[in-house]
Amino acid sequence: MIPRIVQSKGLILSSSYGLSHIFPHHSSPGLYSADRQQTMTSITTSPLASTTSPLPPQTLAGKTAIISGSCSGIGAEIARELSSRGCDIVINYPFPALETQALELANSLTSRAISVCADISTLDGPQTLVAATVKEFGKVDILVNNAAIAVNLPLEEQTIEHWDSLVNLNGRGTFLLTQAALPHLSKTDSRIVNIDSISSRAAPAMQTIYAGTKGMVDSFTRCWARELPPKYGCTVNSVSPGPTMTEGFAAAGESFMKLMQPTLDLTPVGPRMARPEEIAFAVGFLCEPRASWINGLNLTASGGLFID
1 MIPRIVQSKG LILSSSYGLS HIFPHHSSPG LYSADRQQTM TSITTSPLAS
51 TTSPLPPQTL AGKTAIISGS CSGIGAEIAR ELSSRGCDIV INYPFPALET
101 QALELANSLT SRAISVCADI STLDGPQTLV AATVKEFGKV DILVNNAAIA
151 VNLPLEEQTI EHWDSLVNLN GRGTFLLTQA ALPHLSKTDS RIVNIDSISS
201 RAAPAMQTIY AGTKGMVDSF TRCWARELPP KYGCTVNSVS PGPTMTEGFA
251 AAGESFMKLM QPTLDLTPVG PRMARPEEIA FAVGFLCEPR ASWINGLNLT
301 ASGGLFID
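Start counting the sequence shown at 1; every next residue gets the next number (full-length UniProt numbering).
Just so you know, the hints here were simulated from the structure itself, not pulled from any lab data. One thing to keep in mind: the hints can contain errors.
[Said to hold, decoys possible] Below, in silico cross-link-like pairs of lysine-lysine (DSBU-like), each with a Cα-Cα straight-line distance of 35 Å or less:
(1) Lys-258 / Lys-187
(2) Lys-139 / Lys-231
(3) Lys-258 / Lys-135
(4) Lys-187 / Lys-231
(5) Lys-135 / Lys-187
[What the hints assert, rightly or not] Quick list of the computed label-pair ranges, beta carbon to beta carbon:
(6) Gly-233 / Ser-255: 43 to 53 Å
(7) Met-206 / Trp-293: 36 to 46 Å
(8) Glu-288 / Ala-205: 16 to 26 Å
Model, not experiment: these values are computed from the prediction. Positions of the beta carbon are idealized from the N, C-alpha and C atoms, including for glycine.
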């Protein structure tokens with residue numbers, strides 16, 4: 001029997017992310033597609049999962065990681081990667097409809113895990129996520145700001161609704177979640193890893209708002225890498241994926257993939273998208289204790305598609 005704790009916070013988790021032409025780069029197609037609704041903050045605790053695969057050295061044992069937007073896509077793979085290294089995991093999902101999916105992920109992990117319903121695009125969501133983490137584990141050692149959505153449209157067709165949705169999650173959500181986590185960061189050897197994108201520097205067409213929000217994340221990383229380590233004993237880095245085969249891209253359909261192929265053909269390592277686990281490994285590397293002297297790095301994981 002899996003213990004389940006449900007705490008009613010009376011929160012309104014609002015979103016208008018069910019917009020056409022939105023393809024989440026770090027999540028499944030329906031991750032942020034619910035209408036405005038009243039929900040309960042749900043915390044589900046998972047026991048240790050059994051595994052037949054050999055685990056890597058448990059270098060993150062005793063640590064706790066929050067990964068926003070982590071019940072699918074790159075976020076889910078980051079959860080698996082850090083868990084395989086011994087880290088306790090906080091899985092985040094924004095709407096109750098995704099509770100089962102989040103619980104299945106928690107059950108599959110090899111370390112302790114909880115799943116927390118909190119919409120990072122709202123003002124209250126980041127505080128809710130951190131409070132649930134501290135209640136269960138007492139601290140935060142690793143924060144991975146992963147939750148994000150994207151829109152691919154000509155500039156003339158991008159709307160204020162697109163602007164609000166992307167800025168509130170990708171930009172403000174990253175800002176507020178980091179702010180909420182700071183008082184609870186372990187004072188030695190903690191990590192903040194922001195999931196950026198090559199879009200922030202490669203300036204792709206039809207991604208004006210998305211690239212702009214990832215530019216915010218890029219600047220956050222640089223500013224925080226100077227400001228936060230002396231006060232909080234952390235390092236701050238980012239990982240910038242190129243095109244990655246998440247559920248969002250898979251749902252875009254064959255015609256979209258054909259449009260993408262000429263771009264993928266330019267990738268020196270091979271004409272394909274990244275696998276989510278390849279991005280997750282980069283995050284895991286930055287979270288390792290031996291990575292303590294790496295700070296302010298934007299680690300590009302694109303197979304050489306973009307070289308800064």
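Hint-by-hint comparison with the structure:
no., hint, result
1, Lys-258 / Lys-187, "violated, 48 Å"
2, Lys-139 / Lys-231, "holds, 16 Å"
3, Lys-258 / Lys-135, "violated, 47 Å"
4, Lys-187 / Lys-231, "holds, 8 Å"
5, Lys-135 / Lys-187, "holds, 18 Å"
6, Gly-233 / Ser-255: 43 to 53 Å, "holds, 49 Å"
7, Met-206 / Trp-293: 36 to 46 Å, "holds, 39 Å"
8, Glu-288 / Ala-205: 16 to 26 Å, "violated, 37 Å"
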